[in-house]
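S.K.: Next come the chains, spelled out residue by residue.
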Amino acid sequence: MTPIEALVESARGDVERLHADTGRMMGICNSCRYCEGYCAVFQSMERRVAFDAPALDYLANLCHHCGACLYACQYAPPHEFGVDIPRSLARVRLASYEAFAWPRAFGALYRRQGTFTAILLALALAAFLMAAARLAGPDGLFVAKAPAYSFYAIFPHGVMAALFGVAFGFALVAMTVSAVRFRRALGQGALAPLPAAASAARLANLEGGGEGCYVRSGFEHPPTSRRRTMHHFTFYGFLLCFASTVLATFEHYALGLKAPYPLTSAVVLLGTVGGAALIVGSSHLLVLRRQRDPRLSDPAQATLDGTFLWMLLLVSATGILLMVLRDTAALGVALAVHLGFVMAFFLAMPYGKFMHGIYRYLALARHERERREPNPYGFSEG
Amino acid sequence: MSLEALEHDVVVAGGGNAALVAALTAREEGASVLLLEGSPMAWRGGNSQHTRNMRCMHEAPQGVLTGAYPEAEYWEDLARVTGGDTDEHLARMAIRGSSSVRDWMMRYGIRFQHALGGTLHLSRTNAFFLGGGKALVNAYYRAASYAGVRIAYEAQVEDFEMDGDRVRALVVRHGGTLKRVRARAFVAAAGGFESNREWLREAWGEVADNFVVRGTRFNRGEVLKALLAKGAHPVADPKQGHMVAVDARSPTYDGGIVTRVDCVSLGVVVNREGERFYDEGEDFWPKRYAIWGRLVASQPGQVAYSIIDSKALGRFMPPVFPGEGADTIAGLAGKLGLDATALERTVARFNAATRPGHFDHAVLDDCRTEGLEPVKSHWARPLDTPPYYGFALCPGVTFTYLGVKVDERARVLSAGGGAFANLWAAGEIMAGNILGRGYLAGIGMTIGTVFGRIAGMHAAEGARAAA
Numbered sequence: 156m157t158p159i160e161a162l163v164e165s166a167r168g169d170v171e172r173l174h175a176d177t178g179r180m181m182g183i184c185n186s187c188r189y190c191e192g193y194c195a196v197f198q199s200m201e202r203r204v205a206f207d208a209p210a211l212d213y214l215a216n217l218c219h220h221c222g223a224c225l226y227a228c229q230y231a232p233p234h235e236f237g238v239d240i241p242r243s244l245a246r247v248r249l250a251s252y253e254a255f256a257w258p259r260a261f262g263a264l265y266r267r268q269g270t271f272t273a274i275l276l277a278l279a280l281a282a283f284l285m286a287a288a289r290l291a292g293p294d295g296l297f298v299a300k301a302p303a304y305s306f307y308a309i310f311p312h313g314v315m316a317a318l319f320g321v322a323f324g325f326a327l328v329a330m331t332v333s334a335v336r337f338r339r340a341l342g343q344g345a346l347a348p349l350p351a352a353a354s355a356a357r358l359a360n361l362e363g364g365g366e367g368c369y370v371r372s373g374f375e376h377p378p379t380s381r382r383r384t385m386h387h388f389t390f391y392g393f394l395l396c397f398a399s400t401v402l403a404t405f406e407h408y409a410l411g412l413k414a415p416y417p418l419t420s421a422v423v424l425l426g427t428v429g430g431a432a433l434i435v436g437s438s439h440l441l442v443l444r445r446q447r448d449p450r451l452s453d454p455a456q457a458t459l460d461g462t463f464l465w466m467l468l469l470v471s472a473t474g475i476l477l478m479v480l481r482d483t484a485a486l487g488v489a490l491a492v493h494l495g496f497v498m499a500f501f502l503a504m505p506y507g508k509f510m511h512g513i514y515r516y517l518a519l520a521r522h523e524r525e526r527r528e529p530n531p532y533g534f535s536e537g
Numbered sequence: 007m008s009l010e011a012l013e014h015d016v017v018v019a020g021g022g023n024a025a026l027v028a029a030l031t032a033r034e035e036g037a038s039v040l041l042l043e044g045s046p047m048a049w050r051g052g053n054s055q056h057t058r059n060m061r062c063m064h065e066a067p068q069g070v071l072t073g074a075y076p077e078a079e080y081w082e083d084l085a086r087v088t089g090g091d092t093d094e095h096l097a098r099m100a101i102r103g104s105s106s107v108r109d110w111m112m113r114y115g116i117r118f119q120h121a122l123g124g125t126l127h128l129s130r131t132n133a134f135f136l137g138g139g140k141a142l143v144n145a146y147y148r149a150a151s152y153a154g155v156r157i158a159y160e161a162q163v164e165d166f167e168m169d170g171d172r173v174r175a176l177v178v179r180h181g182g183t184l185k186r187v188r189a190r191a192f193v194a195a196a197g198g199f200e201s202n203r204e205w206l207r208e209a210w211g212e213v214a215d216n217f218v219v220r221g222t223r224f225n226r227g228e229v230l231k232a233l234l235a236k237g238a239h240p241v242a243d244p245k246q247g248h249m250v251a252v253d254a255r256s257p258t259y260d261g262g263i264v265t266r267v268d269c270v271s272l273g274v275v276v277n278r279e280g281e282r283f284y285d286e287g288e289d290f291w292p293k294r295y296a297i298w299g300r301l302v303a304s305q306p307g308q309v310a311y312s313i314i315d316s317k318a319l320g321r322f323m324p325p326v327f328p329g330e331g332a333d334t335i336a337g338l339a340g341k342l343g344l345d346a347t348a349l350e351r352t353v354a355r356f357n358a359a360t361r362p363g364h365f366d367h368a369v370l371d372d373c374r375t376e377g378l379e380p381v382k383s384h385w386a387r388p389l390d391t392p393p394y395y396g397f398a399l400c401p402g403v404t405f406t407y408l409g410v411k412v413d414e415r416a417r418v419l420s421a422g423g424g425a426f427a428n429l430w431a432a433g434e435i436m437a438g439n440i441l442g443r444g445y446l447a448g449i450g451m452t453i454g455t456v457f458g459r460i461a462g463m464h465a466a467e468g469a470r471a472a473a
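Residue numbers (the numbering used here), protein chains in the order written: chain A, 156 to 537; chain B, 7 to 473.
So here's chain A without its partners, still in its complex pose:
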């Protein structure tokens, strides 16, 4: 066995052990069922008797990580059964991100998120700053050309569209392949896309059965709605920014309206409100992560989670900054910096925490469908 093969073998062994241990815990949960009211994980668990890798990947991606089941668990450590569902499912989730990545080898990036993002960001920022300096011509980058100055005087529209088209296209392909792989792992069962969208839109499974979700230790502090609220800010902020981009593209190509758009235009308003919501949401989620009971989290994923939030925060902050500075001499630099962040964000999407949304949605789509079907294992203490 070559050293590489040995490494792969040992990693596979780790995942197998993780699956075996999490499956063991799920067996205990399925015999107990006290947490059934909390979320979809336990409701779907009751429809199964075997917890193999595909079942665990499904349940792990259904888990919204609210933490309620750890505090409620009579078998959690120090009990010898050592049932520790939030953290174990978090680990299974990460292993599933790695397994479903495309290209497969890039799955390793999930555990090297800090290095990966730092390198991407450095390259993207350097490239855009150099390009901006070069394209700005002999006057240099810091020349105010306001008003009515166009971004496209710095980066011609065609260049921007081509660059981001390629980056986003790649991300889209990679994410689609991963999604298809996960969908296959979910088995033959049909999906219920609309109820899943409704559930995701409300984060119904982060409600802990109506109580809320845990940040600090549930042995001392009550559940709150803060994580859910802040995720809403982040998610809907992201959607508004996305809508702004789509609208701008439409206006550009279909209506021939060229940037920059007036401050009161729909494109700018959507982007500004979205960006502000993203800043509020992601910065609060970063704070809540710091406050979170360490018992709930997999320490190996701190960078994975944190990097994604920081990127969301910085992409939106540089976007807002660009809007503020767009009539000043700093426009060129601000634009290059923002584009650098956006580019790095796009390229990192298929190998970072962004993917949780895709897998979770698919898992929810399966869950929402199967809960409408009769339970194949309708046991009763009868």
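Hints may be right or wrong, so weigh each one.
[Unchecked claim] In the SDA-like style, the derived pairs of lysine to any residue whose C-alpha atoms are separated by at most 25 angstroms in a straight line are: (1) B:Lys317 / A:Glu528; (2) B:Lys317 / A:Leu296; (3) B:Lys317 / A:Gly324; (4) B:Lys341 / A:Ala205; (5) B:Lys317 / A:Arg202; (6) B:Lys317 / A:Asn530; (7) B:Lys317 / A:Ser535; (8) B:Lys293 / A:Ser186; (9) B:Lys236 / B:Gln246; (10) B:Lys317 / A:Pro531; (11) B:Lys293 / A:Glu536; (12) B:Lys293 / A:Thr331; (13) B:Lys317 / A:Pro377; (14) B:Lys341 / A:Arg179; (15) B:Lys293 / A:Gly313.
[As the list claims (entries may be wrong)] To list a few chain A residues with every Cβ distance to chain B over 12 angstroms, as calculated: (16) Ser186; (17) Glu201; (18) Arg203; (19) Glu235; (20) Val238; (21) Leu284; (22) Tyr307; (23) Phe325; (24) Thr331; (25) Gln343; (26) Ala353; (27) Phe374; (28) Leu424; (29) Phe509.
Read the hints as simulated data drawn from the structure, not as lab findings. Note that the structure is a prediction, hence the values are computed from the model and not measured. Yeah, the Cβ is synthetic: ideal placement off N, Cα and C, and Gly gets one too.
On the provided structure of chain A, position chain B as indicated by the hints.
M.R.: Showing chain B alone in chain A's frame:
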């Protein structure tokens, strides 16, 4: 924290549901309250952490409860399972109290849900706690702490210091030393003695060494023992308790709900000699749950083996430990350590005695044996579809019923007549007044909650009067 520094109005000995309810109630009445939980924080809550629901009376659908469960029916159920070993007056107080106490509970963050998957038979009578008993315990501790109840963990009450019929102080082991904890009023809510091995052996003899304790490892009965030594009137037999047939591989303590083995009715159960000893198909889960622990306890070695074939798979609640499996009955006997010839003979006799019928696990069906002793009166189908599976069973004690006698104000009564002047009791330590034998799912939490309220209220009142 110095337990001796302050004199509290009310000191509660115990840290489970009844103790927390009493502490919160006394606090509502304006008393300063100290709660002494004997366990470390991680194990707090006594047996309440293993519970899942509370049996509630209701005249019409109410919240998560379906249909109606009127007082008369509740009382009849209790009278039946206890065989009259109950105090009707106190029992009816608990029953009536259960119809309204849930609103009070919800104010402190307790959430209810419909019956869990697989427990539909309880959806009319029992309100389930969202997340189970440990979630309830957490909510109460958070509320108690917020309300200003002082809480001490690893504070074990060892003795009561008396002054005539008044308790002057508790002797408490805390932080490695003995301390005197004074108060105007006291509530004893520290559970039974099921995790005290010596006491179990005293009550049951050596067979008790083969029991596991499904409940908390911290119910060692110190408070109960001290109270009885100070002349409290005992109630219920020390041998009475809730005992379930559990997987013999269960942990010694705190096995909780998952260690139950739920396939008894789908096959045969044999003892160490490979002989059947009781009608496996007598009744539904609630009754089986209540009696099979004692049945196993009466068998040699306090062990029995539940044997099923593949037809039973997928028909019972998933077991926490996988069963032993084999393609032949003799092979299974080998794996279980039973005599192969004896087990084969028992299964062959059983198979021959089964009569064709319409198998339906949801009703008392007509699949029964004929000419077999003991009979299997329902769900009797031949064991003929390999692989066969077997689970070793042993008795698992949930809680013991021996307690102290109380009056309708939850005041502890003296064996010599009269009552303790400033001592009230709630929960398992007095549940034997109402549940002297048998078992009714969820009634422990009913008694604990209703009498926790009563004890907390009267203790606060007593403290005011003594101030």
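S.K.: All hints are to be evaluated individually against the structure, with a verdict given for each.
M.R.: Taking the hints in turn, this is what the structure says about them:
About 23 angstroms separates the Cα atoms of lysine 317 of chain B and glutamate 528 of chain A, which keeps this hinted pair within 25 angstroms; it holds. For the given pair, lysine 317 of chain B sits about 79 angstroms from leucine 296 of chain A by alpha-carbon distance, which is inconsistent with the 25 angstroms threshold. Distance check on the hinted pair: lysine 317 of chain B and glycine 324 of chain A sit about 53 angstroms apart at the alpha-carbon level, beyond 25 angstroms; violated. Straight-line distance between C-alpha atoms of lysine 341 of chain B and alanine 205 of chain A comes to about 23 angstroms, which keeps the hinted pair within the 25 angstroms bound.
For the hint pairing lysine 317 of chain B with arginine 202 of chain A, the CA-to-CA distance comes to about 19 angstroms; that is within 25 angstroms, so the pair holds. With a C-alpha separation of about 18 angstroms, the suggested pair lysine 317 of chain B and asparagine 530 of chain A falls inside the 25 angstroms cut-off, and the hint holds. This hinted pair checks out: lysine 317 of chain B and serine 535 of chain A have alpha carbons roughly 16 angstroms apart, not beyond 25 angstroms. Note on lysine 293 of chain B and serine 186 of chain A: the hinted pairing holds, with a Cα-Cα distance of about 19 angstroms set against a maximum of 25 angstroms.
Proximity of lysine 236 of chain B to glutamine 246 of chain B is assessed by CA-CA distance (about 22 angstroms); at most 25 angstroms being required, the pair is judged to hold. Between lysine 317 of chain B and proline 531 of chain A the alpha-carbon distance is near 15 angstroms, which keeps this suggested pair within the 25 angstroms criterion. Only pairs whose Cα atoms come within 25 angstroms are accepted, and lysine 293 of chain B paired with glutamate 536 of chain A is accepted, the gap being roughly 11 angstroms. Between the alpha carbons of lysine 293 of chain B and threonine 331 of chain A the distance comes to roughly 54 angstroms, so the proposed pair goes past 25 angstroms and is violated.
In summary, the hint linking lysine 317 of chain B to proline 377 of chain A is not supported, as the alpha carbons are separated by about 46 angstroms, beyond the 25 angstroms threshold. For the suggested pair lysine 341 of chain B and arginine 179 of chain A, the alpha carbons sit about 22 angstroms apart, so the restraint of at most 25 angstroms is met. For a cut-off of 25 angstroms, the pair hint linking lysine 293 of chain B to glycine 313 of chain A is broken: about 78 angstroms separates their Cα positions. Not every C-beta of chain B lies more than 12 angstroms from that of serine 186 of chain A, the closest at about 4 angstroms, which undercuts listing it as non-interface.
Here glutamate 201 of chain A does not stay apart from chain B, with its beta-carbon only about 5 angstroms from theirs, under the 12 angstroms limit. With 12 angstroms as the threshold on Cβ separation, the claim that arginine 203 of chain A sits away from chain B is violated: the shortest Cβ distance comes to roughly 9 angstroms. Distance check on glutamate 235 of chain A: its Cβ comes as close as 6 angstroms (rounded) to a Cβ of chain B, failing to clear the 12 angstroms threshold; non-interface status is violated. A Cβ of chain B approaches the Cβ of valine 238 of chain A within 12 angstroms, the least distance being about 10 angstroms, so the stated non-interface status is violated.
Against the 12 angstroms criterion, leucine 284 of chain A stays outside the reach of chain B, whose nearest CB is about 52 angstroms from its own CB. For tyrosine 307 of chain A, the non-interface assignment is confirmed: its Cβ lies about 57 angstroms from the closest Cβ of chain B, beyond the 12 angstroms cut-off. Against the 12 angstroms criterion, phenylalanine 325 of chain A stays outside the reach of chain B, whose nearest CB is about 44 angstroms from its own CB. The Cβ of threonine 331 of chain A sits about 35 angstroms from the closest Cβ of chain B, beyond the 12 angstroms cut-off, so the non-interface label holds.
At the 12 angstroms boundary, the C-beta of glutamine 343 of chain A stays outside the reach of chain B, the nearest C-beta of that chain being 19 angstroms off. Every C-beta of chain B lies more than 12 angstroms from that of alanine 353 of chain A, the closest at about 21 angstroms, which supports listing it as non-interface. Annotated as non-interface, phenylalanine 374 of chain A brings its C-beta within 12 angstroms of a C-beta of chain B; the closest such distance is 6 angstroms. Every beta carbon of chain B lies more than 12 angstroms from that of leucine 424 of chain A, the smallest distance being close to 41 angstroms; the non-interface claim holds.
No Cβ of chain B comes within 12 angstroms of the Cβ of phenylalanine 509 of chain A; the nearest lies about 31 angstroms off, and the non-interface call holds.
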